[in-house]
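For this one, chain W is given, so just place chains U, A, G, B and E on it according to the hints.
Those protein sequence lines, which keep their order, are chains W, U, A, G, B and E.
Throughout, this note's numbering is defined as the position within the first sequence, counted from one, plus 227.
Throughout, this note's numbering is defined as the position within the second sequence, counted from one, plus 227.
Throughout, this note's numbering is defined as the position within the third sequence, counted from one, plus 227.
Throughout, this note's numbering is defined as the position within the fourth sequence, counted from one, plus 227.
Throughout, this note's numbering is defined as the position within the fifth sequence, counted from one, plus 227.
Throughout, this note's numbering is defined as the position within the sixth sequence, counted from one, plus 227.
Errors might be hidden in some of the hints.
Put simply, identical chains are the same to the list, so a pair is met inside one copy or across any two.
Said to hold, decoys possible - Restricting the straight-line Cα-Cα distance to at most 30 angstroms, the calculated cross-link-like pairs of lysine-lysine (DSBU-like) are:
{"hint": "1", "residue 1": "Lys341", "residue 2": "Lys360"}
{"hint": "2", "residue 1": "Lys269", "residue 2": "Lys321"}
{"hint": "3", "residue 1": "Lys269", "residue 2": "Lys251"}
{"hint": "4", "residue 1": "Lys251", "residue 2": "Lys362"}
{"hint": "5", "residue 1": "Lys503", "residue 2": "Lys476"}
{"hint": "6", "residue 1": "Lys401", "residue 2": "Lys503"}
{"hint": "7", "residue 1": "Lys230", "residue 2": "Lys491"}
{"hint": "8", "residue 1": "Lys361", "residue 2": "Lys401"}
{"hint": "9", "residue 1": "Lys307", "residue 2": "Lys362"}
{"hint": "10", "residue 1": "Lys300", "residue 2": "Lys362"}
{"hint": "11", "residue 1": "Lys341", "residue 2": "Lys361"}
{"hint": "12", "residue 1": "Lys269", "residue 2": "Lys361"}
{"hint": "13", "residue 1": "Lys268", "residue 2": "Lys401"}
{"hint": "14", "residue 1": "Lys479", "residue 2": "Lys361"}
{"hint": "15", "residue 1": "Lys362", "residue 2": "Lys341"}
{"hint": "16", "residue 1": "Lys503", "residue 2": "Lys420"}
{"hint": "17", "residue 1": "Lys491", "residue 2": "Lys401"}
{"hint": "18", "residue 1": "Lys251", "residue 2": "Lys321"}
{"hint": "19", "residue 1": "Lys401", "residue 2": "Lys476"}
{"hint": "20", "residue 1": "Lys360", "residue 2": "Lys269"}
{"hint": "21", "residue 1": "Lys464", "residue 2": "Lys361"}
{"hint": "22", "residue 1": "Lys380", "residue 2": "Lys230"}
{"hint": "23", "residue 1": "Lys230", "residue 2": "Lys455"}
{"hint": "24", "residue 1": "Lys268", "residue 2": "Lys360"}
{"hint": "25", "residue 1": "Lys455", "residue 2": "Lys491"}
{"hint": "26", "residue 1": "Lys362", "residue 2": "Lys230"}
Source of the hints: derived by calculation from the structure; they are not laboratory data.
6 protein chains.
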Amino acid sequence: MQKYIEKASVLIEAMPYLNEFHGKTVVIKFGGAAMVDPQIKKSVIRDIAFMKMVGINPVIVHGGGPEINEALKLQKIEPKFVNGLRVTDPNTMKTVETVLSGKINKALVSEFQKNNVSAVGISGKDGLLIEAKKKEGEVDLGLVGDITNINTKIIESLLASDFVPVISPVGSDKEGNTFNINADIAASEITIKLNAAKLIFLTDSNGVLFKEDDENSVISELIPDEIKLLIENGTIKGGMIPKVNYATKAVKNGVNSVHIINGKILHSLLLEIFTKDGIGTIIEEF
Amino acid sequence: MQKYIEKASVLIEAMPYLNEFHGKTVVIKFGGAAMVDPQIKKSVIRDIAFMKMVGINPVIVHGGGPEINEALKLQKIEPKFVNGLRVTDPNTMKTVETVLSGKINKALVSEFQKNNVSAVGISGKDGLLIEAKKKEGEVDLGLVGDITNINTKIIESLLASDFVPVISPVGSDKEGNTFNINADIAASEITIKLNAAKLIFLTDSNGVLFKEDDENSVISELIPDEIKLLIENGTIKGGMIPKVNYATKAVKNGVNSVHIINGKILHSLLLEIFTKDGIGTIIEEF
Amino acid sequence: MQKYIEKASVLIEAMPYLNEFHGKTVVIKFGGAAMVDPQIKKSVIRDIAFMKMVGINPVIVHGGGPEINEALKLQKIEPKFVNGLRVTDPNTMKTVETVLSGKINKALVSEFQKNNVSAVGISGKDGLLIEAKKKEGEVDLGLVGDITNINTKIIESLLASDFVPVISPVGSDKEGNTFNINADIAASEITIKLNAAKLIFLTDSNGVLFKEDDENSVISELIPDEIKLLIENGTIKGGMIPKVNYATKAVKNGVNSVHIINGKILHSLLLEIFTKDGIGTIIEEF
Amino acid sequence: MQKYIEKASVLIEAMPYLNEFHGKTVVIKFGGAAMVDPQIKKSVIRDIAFMKMVGINPVIVHGGGPEINEALKLQKIEPKFVNGLRVTDPNTMKTVETVLSGKINKALVSEFQKNNVSAVGISGKDGLLIEAKKKEGEVDLGLVGDITNINTKIIESLLASDFVPVISPVGSDKEGNTFNINADIAASEITIKLNAAKLIFLTDSNGVLFKEDDENSVISELIPDEIKLLIENGTIKGGMIPKVNYATKAVKNGVNSVHIINGKILHSLLLEIFTKDGIGTIIEEF
Amino acid sequence: MQKYIEKASVLIEAMPYLNEFHGKTVVIKFGGAAMVDPQIKKSVIRDIAFMKMVGINPVIVHGGGPEINEALKLQKIEPKFVNGLRVTDPNTMKTVETVLSGKINKALVSEFQKNNVSAVGISGKDGLLIEAKKKEGEVDLGLVGDITNINTKIIESLLASDFVPVISPVGSDKEGNTFNINADIAASEITIKLNAAKLIFLTDSNGVLFKEDDENSVISELIPDEIKLLIENGTIKGGMIPKVNYATKAVKNGVNSVHIINGKILHSLLLEIFTKDGIGTIIEEF
Amino acid sequence: MQKYIEKASVLIEAMPYLNEFHGKTVVIKFGGAAMVDPQIKKSVIRDIAFMKMVGINPVIVHGGGPEINEALKLQKIEPKFVNGLRVTDPNTMKTVETVLSGKINKALVSEFQKNNVSAVGISGKDGLLIEAKKKEGEVDLGLVGDITNINTKIIESLLASDFVPVISPVGSDKEGNTFNINADIAASEITIKLNAAKLIFLTDSNGVLFKEDDENSVISELIPDEIKLLIENGTIKGGMIPKVNYATKAVKNGVNSVHIINGKILHSLLLEIFTKDGIGTIIEEF
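Next comes chain W alone, as it looks inside the complex (with noise of 0.2 angstroms):
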């Protein structure tokens, strides 16, 4: 009987969060470990089944994994870096964007097919959804690209028709031209002009952390003041940086709130969405 008390319980608590989002959709940025762990990946695809079925409009973005380094590697592609970023001659883009669009993609609209969720995976470059131009800089990037422009067209008729837009970050300018995008560039793009009500980076870490090694001192709640003064500070540092520089732009732009949460908590987008504890870090408008 108890046992009963408590399970009612949950789906009590889970109510004015499920009464929040219903009909809105939410952006998620599937990336790290949860894209490499079967496990995981299964769990976080049930979490987003789940989503779906009470009503909330999900959309997928994912980033690569290490089968792209896997392709690169079997061509004899030797990876360049510069400050962080890959050097992506017109051979490596070829390599990316097949394994992108091709593999990784496929896989995941496979996973959601397999919970009852009818998924369809596009890349940037249909509808020309990421419009994308070469990357300026001091250092030539190759094909590394800046979004110029999203046009939610696809999107928006994915969802009206009841499919989860899983979408690989690839860009293309109007020439056809292609380009590789930064999949969390592309995620918060796309949740500003879709005007979306959340954006969910799955990462590997338990979201912003007060001291970089104590996976415990999560930071539950960030305003973009404080962000900037954490980033000052040297508090929020390395590749945490980008992903809350892209928090602050979205939130500013309309965007409800950013999470940032760890995808290899199980179930940890359900316990961040329909829980009142929450988990990982939440940036919002003040």
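Just chains U, A, G, B and E now, kept in the frame of chain W:
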């Protein structure tokens, strides 16, 4: 951490049910102790609010309660019963209708409103929802009515506008005569005519019992043929007989399942619909 | 033959009005003798049925009647008035609500049904139609309420499905507390929020009178400035003052005209709307 | 006061008819004296305007008039008749069409416009409304046509945009040949194909008569079997025979009723439709 | 094989124009020799049929032709002109209207029908499309009208149902008076009010000419400022002046381009719209 | 001038075809040399762009190409064939899918984008478009699949939003297993399920040939019975047999016509659809 995992697993367990009932109409006969005890009433209302929020369309049919007898006593109307049916003279009818439609119905609407659920209280007279005629039979029961037709347009209109209809079981004919209608019958006939997915009777017992006085002897599942046998061999008796008969009629007319559950158990409605254990008795076509 | 020509000329006379009001919403405050005398009540209902049939959308707001005092007397509740306003303690409120929403409202619905008009009786609680709060002031009037908001969604939904809404003037706040609302105010505020074309008060006098006790001294047309003057110079007094004040507010908020007519004259409603003579007082913006 | 009561009673009498015909399509064959006498024409147009305003969809099919013979005379075309049918050579056809579609049709449209009714004049050629072929038979009648198909799309499109269609009875085949079509037949075939509720012939007599020369001997109601008998026994004769035959075909094809009334009686159309006395002859299926 | 390649290249050349005008409305003033020579008329109709089939919405405004003078002569009405404008007394007006709306208009409709294009012929009176008043000025021109308003509802309704509207330039006021309207003005005002993409004048000359009598001296492109200059310096003169003035008004009111082309050149309409050479003069805002 | 007339006549010749196919769906199997030679590929894409612009809905199903063998070689996977069918082990499948869906598919999308046609590349996995199961048979071909169902919802959704769907022939079952699907079969089954008007196979030969090695011996028209005979007597052989068999199945299931044309002829698609000569072989039901 363990707590989190349990929370998530309750939600995940609910997933197939959320999926199955999304967009479906479920009729709930609200009666018995659930109408009297304010604590239970609150819990039932919250359960229905939950259903609404995950995309189910609940339709409520309520019975009377002690207020009716109080009002009759106040008017010095002596209750008179024949074979368990209240003989309803015009004065009794007026009092019954006034209390059902003006007091009990509106109090339920207020409870829903408190839970952010937009409810609209109507009676079977509104939009000629429950068309009825005087019950025929050896004994003249006065204004006790038999349903001749259900006009679901008003319910469909309210559902289309996302309201929860709360229905008091008063019927009328086209000449404007008022009839007292049994709430269990009203609920089943409305379920059938709406082509709803489910009908749930909130009662004061744990379901259909093997042994009348052993609340632990609940029969979990029944099909019409078994019901027939159990009535014949006397296992099902008394007030439970009409309920299982309406249930039989409902499942034979396309309703997926009829549930008889104990309204006094907190959140019995939620557990019955969203967990795999269920509670109470489910009646389905074989 | 002469008879035929006269019949035709009445229809032809009605033509411009039929044209003008087709598809328009007209709010009718149903009160006074028209609620008591069954003969008059029938005639008013038929007039409204006529309006419905020629494509006007009538919305009815009804007041109370002698049934309320009877019910209070039965409960031995002593009526208490301050400045003409009923002091409404919780027990009084319960009785008032029960009689308004359970008896008077449903009796009107039955009358419409008899005339083949599909009516739906609701109270201001349904769909939170009349949101209210406790009236402030020097004297504590108990549960007498002031309107804080009108949520017309339920009315619009009923009109869209071709029902005639019949509204009992009970309000509530979001916590589910119940308030007693003046029916004249409820009617005017609903008219304004619905952006209806007309508001008609059915009263027991022939309209606004020049001389209080001369029913033939009706003032046919009034504009807000004249109303102000006539109140200041004492021509308009007593219970007529609030009515003309609500009328002033309505026409200043976009309502085309407010009519004060004698509900006791047979078919006064039809004649006011569909003939060029009119009857009673019409209040319009200059 | 008595006057008021009578006015109201005429309106109340019209109520069931308003209700019955609201939203229905009624085809009116406009011909005879009603096309010639400007006074009568005005009255008929007003009646049709009334119908439009109370929500009926009138469709007008008009015949010719003295203008056709005048125009033929001007061109020195000698009229030639065989069995009462005009032999229509190409020159006659051109003149007939020009007068029907360019003069009579447009004059009717202007009359409607003056009464605030938005009318659109078309011929049976427009949108290939009346598809026809050369009438076969022993005698060659030239361009007299038989209807082979009615394409109601143009009428439905005009009705959907709230216009009154005014149709001149000229037909054509797919090769663009023009044919002279009998207006009574055109009206009946259009009524049938539109699935309209009523067809009304405006004629110069009071209806179907028992005695040819006694305008008071109108037969109020007829069914197809009676028509057959009355033709056989010679009661119905001459030009009335084809009218009652088209009427028979219409009611046997789902048209509720066909009316033959005297267009010369002022407002005969209004009285026939909106009063219980009626005027003229009504033909219905048994 | 060469032939195939040329065929394909014509189609490919048409592609950008097909794309540009798909779903756009194009108004065509049909006049001059194109109305007289049956061969040319056929070719123009086919061109318009082509436009319709590739998804353009053509709207036709036609002028008169020799039939008008023939009809006036028949009636012994002496034509009277003042400053090139026909003095239109009531009898002339009746004849002009009858021939325009009853003969020329319906003949065009038949031509369209023969080409499988569903056309509907209306006049400016229908649906009060062309509202007009008597032209003011020093000389009384009788029933020559000035346009006071264009009510495009009837055109929009016909386009929505996929019909080609064919319009005869007759206007009327709300009192039903008929006015003779210049077809060029009618075409430009309808273009402006419809917010159409293009207006095309089919004339008897190759376009606006540099030298009056040299049909090879066509000016291919003009902007309003140039037009002003060319009128001032006398290059543009006579009947071409009003045409270029209407064109100027049109392009200044949002019409993309106005074309003046030679209707006598076979398929000039097709070539002007679907090939890069064009033909005639195009007038655009700078 | 002669040039103009020829241009116009090509457009006029296209007219009946534009009319016939407007709004129709045409499935194009894109394969063979047309996938390899960049010049031909461009020309095919332009032809399809033309179709889109005149209101046809093209749906593209593409095959593989030399990229697949290159990729397999890179991975040192030895191709293995049984009866002309590739034995597809899991590694081969992964490589085939990646190249088809990630490289060839996205390159086609880019080509469309360059021609201003909004294309969306999907695989048969997306929205479970191509449901498949392991091919049964004597020899185990690994992951070669047979189509069990076509779910056209994703195609219909893309067409409704005006996108051109570009489909890579990979199927999956509900458990998420991936299967290699023959592109010709995929194209025919999709054509049938979409109820499309036409299916066009772009091949490397001029059509079905009378003499295998004489490209001038094309059979212009075939009906299913003739196909049966020509297979039996050995005229049709080799790889053409399955194509004509799918064609037979398609036309027997309601597809109007199937075309086998030479993709290497520039604009063969345009000429086949929009000229009266046609090119290649057309297969229709008798």
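Cross-check of the supplied hints:
1. Lys341 with Lys360: between (37 angstroms within a copy, 15 angstroms between copies)
2. Lys269 with Lys321: both (28 angstroms within a copy, 20 angstroms between copies)
3. Lys269 with Lys251: Result: close both inside a copy and across copies, 23 angstroms intra and 28 angstroms inter.
4. Lys251 with Lys362: Neither: 33 angstroms inside a chain and 38 angstroms across chains, both beyond 30 angstroms.
5. Lys503 with Lys476: within (25 angstroms within a copy, 44 angstroms between copies)
6. Lys401 with Lys503: between (45 angstroms within a copy, 23 angstroms between copies)
7. Lys230 with Lys491: Classified as both: same-chain Cα gap 27 angstroms, cross-chain 17 angstroms, threshold 30 angstroms.
8. Lys361 with Lys401: within (12 angstroms within a copy, 40 angstroms between copies)
9. Lys307 with Lys362: within (16 angstroms within a copy, 44 angstroms between copies)
10. Lys300 with Lys362: within (25 angstroms within a copy, 34 angstroms between copies)
11. Lys341 with Lys361: between (38 angstroms within a copy, 17 angstroms between copies)
12. Lys269 with Lys361: between (36 angstroms within a copy, 24 angstroms between copies)
13. Lys268 with Lys401: between (34 angstroms within a copy, 18 angstroms between copies)
14. Lys479 with Lys361: Classified as within; 26 angstroms inside a copy, 40 angstroms across copies.
15. Lys362 with Lys341: between (38 angstroms within a copy, 21 angstroms between copies)
16. Lys503 with Lys420: within (28 angstroms within a copy, 38 angstroms between copies)
17. Lys491 with Lys401: Cα proximity of Lys491 and Lys401: across copies only (26 angstroms, versus 38 angstroms in one copy).
18. Lys251 with Lys321: neither (35 angstroms within a copy, 35 angstroms between copies)
19. Lys401 with Lys476: within (26 angstroms within a copy, 36 angstroms between copies)
20. Lys360 with Lys269: For Lys360 and Lys269, only the inter-copy Cα distance (23 angstroms) is at most 30 angstroms; the intra-copy one is 35 angstroms.
21. Lys464 with Lys361: Within. Shortest intra-copy distance 27 angstroms satisfies the 30 angstroms Cα cut-off; inter-copy 51 angstroms does not.
22. Lys380 with Lys230: So Lys380 and Lys230 fail the 30 angstroms test inside a copy (46 angstroms) and across (41 angstroms) alike.
23. Lys230 with Lys455: neither (46 angstroms within a copy, 34 angstroms between copies)
24. Lys268 with Lys360: between (32 angstroms within a copy, 25 angstroms between copies)
25. Lys455 with Lys491: Answer is within: at 27 angstroms inside a copy they meet the 30 angstroms cutoff, but 54 angstroms across does not.
26. Lys362 with Lys230: This pair counts as neither: shortest intra-copy Cα distance 57 angstroms, inter-copy 47 angstroms.
Violation of the numbered hints given earlier is confined to hints 4, 18, 22, 23, 26; the remaining hints are satisfied by the structure.
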